[in-house]
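All chains should be built: construct the whole structure from the sequences, respecting the hints.
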Amino acid sequence: MVTGDHQTLALLLFSAFVAVTLGITTWVSRNRHGSTEEFYAGGRLFSPMENGFAIAGDYMSAASFLGISGLIALYGYDGMLYSVGFLVAWLVVLLLVAELVRNCGRFTLADVVAARMAERPVRIAAGTSSVAVSVLYLVAQMVGAGSLVALLLGGTGEAARTWTVIGVGALMVIYVSLGGMRATTWIQIVKAVLLMAGTVALTVLVLIRFHGDIDSLLSTAAERSGHGTAFLGPGLRYGGDWTARLDFISLGLALVLGTAGLPHILSRFYTVPTARAARRSVVWSIGLIGGFYLMTIVLGFGAAALIGSDEVRASNASGNTAVPLLALDLGGGAGSTGGTVLFAVVAAVAFATILAVVAGITLASSASVAHDLYASLRRPGGRQYSEVAVARVAAAVIGAAAIGLGLLASDLNVAFLVGLAFAVAASANLPVLLYSLFWRRFTTRGAVWSVYGGLVPAVLLVLLSPVVSGSPDALFPGVDLQVFPLQNPGVVSIPLGFLAGWLGTVTSPEPPDEARHAETEVRALTGAGAV
Amino acid sequence: MEQLDEQERAGARDDGAATGVPRPRYDEAGRRTPGAAEIYLEVQRSPAFQEVRRRYRRFAFPATVAFLLWYLAYVVAATAAPGLMARPVAGAVNVAMVAGLGQFLTTFLLTWAYARHARLRRDRAALELRWDTQEMTRGAGQW
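Line by line, the protein sequences give chains A and B.
Residue numbering for the first sequence follows the working numbering, beginning at 4 and increasing consecutively.
Residue numbering for the second sequence follows the working numbering, beginning at 164 and increasing consecutively.
Everything labelled a hint here was simulated from the structure, so no lab data went into it.
It is possible that part of the hints are untrue.
[What the hints assert, rightly or not] Here are the simulated distance ranges between beta carbons:
1) A:Y388 with B:L264: 47 to 57 Å
2) A:L249 with B:G265: 18 to 28 Å
3) A:G243 with B:E205: 54 to 64 Å
4) B:G254 with A:A162: 19 to 29 Å
5) A:L466 with B:A253: 18 to 28 Å
6) B:E201 with A:R240: 54 to 64 Å
Think of the CB as a built atom: it goes at the ideal place given N, C-alpha and C, for glycine as much as any other residue.
This is how it looks when you write it as structure tokens:
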């Protein structure tokens, strides 16, 4: 399916994106002296619309663009459940988190919790879990980048994959350490516009092909999938035994509760001046993200109808190439100019997507390292480095770590890694955030317990799950440590995080600090004293 | 409404200009400086603040419970009652498809309703409280 023309054009388009984003990075970082406000929050003066596009850019990863459409093309309705979970999660962010976090914190999740607790233990706990979530998410994106180049540019060899992972890692370190939040935000905006434009174009072409008749699109998809009408109902992927069904509920829970605990999403609310602007950014992003996921559904069923599930599966067993194949077909088929152009555009957009998401996560995790961990762990008598300098170094170290892990984990399923990052975020970050914002009696011990009480079980259950060992497609198929039957730990670890926070609070020897709770609550709801 | 936003932005910049750095919340020994704590407790107890909090919670909490239950019902139905979900409604469209699109629709509607509620019922009162509180803490020598 891949010819030289596709490769050349896709590489050309992608190089143009890299050149533009590097240009943005140099342009915004001229004459800027590295204050923390500038580096972590881009000066806090982005407009709600700009930030809404940037949030959407941070959130819509290549896993969504290629992965969800591919799952729908293969399994029909069951793939659609991802689209729904990824969108509904934004209501948690909008209703409970965005405005209050903007008012209470400065740069990170730990700021919000530390405002009413003993600062050091809480910062170390929240900083650790934020870095853990970010690194998991980062590895998922790096693995995705590696597989993408193998799939789209034809280089199925190990070398092409390795160099892509290294190249993506190096680029993101450059963006983040030179440009900080300001450059990262503009890269997200450019990427969001490109991704939306590409998706709209493909969706319109699919609908034109079926003369706007959704009914005929669905019935053709069902017919060509080989499953008949079962393709349009649930159960093809997760309909097996009860373990598989419980696994799906676990994943659904992690998706809907994880978004509000993702550090790179939380840090985006600090780039706007007020809580009201943070709310309006989320409204913008819900509109964009909702539209995007609706279109991925059309693309998924379109791929099933126009290409056929079997042909999609033959190209890539997990369906990741469904959208590129669809683009080729919509443009006029293999060998035609239109097909070549559309295919190359889709490939370039997918790369741009990965690059931008990776930059956003790296920035958020470097903020956690410098602002939370370094600031809490450095020795009082030791040499003091500026926080921004530490953050720049942290971005490089995290980039190197992600490259290393990305190469090691190159055979892991991308969707699984993303689901795991969401599960850890929902178990370790969300309980402590909600308790801090809404529970008067919450104490320092409760905060620390709730972070570790979610983080440790989530990670441990994954290590004991069929993903790591004890099944044919595990990471280490040779050994058998499997005790936990589910792939996603969410259904167990999320309640444990909430439970640990409650337990730590009721067993605390010290009483809750009423005055600082009052301060947090007043600041959260009014914005008094917000930076 | 745009005017309010401008005010708010100007205010946010003002604070930054007035302090330059984030205000210190502790003295050298790590103790809380007196004054601010009482002010926040006083604001928290004031009827105006209680009203803002009540308006926020009476919208956000029931809405959160409602959409989470609706989402869970959707996920559980897909795994526990696939037969019901596969029942056709019109042409190729079945119950599952309608429920999935319903999730999209309710998300958009709730977003719109929440933004409208916050804009009309909460923003102005919260902004007034913000200025009052900042006046009081400034008076207490905290800034």
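Taking the hints in turn, this is what the structure says about them:
1. A:Y388 with B:L264: 47 to 57 Å: Between Y388 of chain A and L264 of chain B, where Cβ atoms are some 53 Å apart, the hint holds.
2. A:L249 with B:G265: 18 to 28 Å: The hint (18 to 28 Å, Cβ to Cβ) holds, given that L249 of chain A and G265 of chain B are roughly 24 Å apart.
3. A:G243 with B:E205: 54 to 64 Å: holds (60 Å)
4. B:G254 with A:A162: 19 to 29 Å: violated (50 Å)
5. A:L466 with B:A253: 18 to 28 Å: This hint is violated: roughly 48 Å between Cβ atoms.
6. B:E201 with A:R240: 54 to 64 Å: The hint (54 to 64 Å, Cβ to Cβ) holds, given that E201 of chain B and R240 of chain A are roughly 59 Å apart.
Hints 4 and 5 from the earlier list are contradicted by this structure; the remaining hints agree with it.
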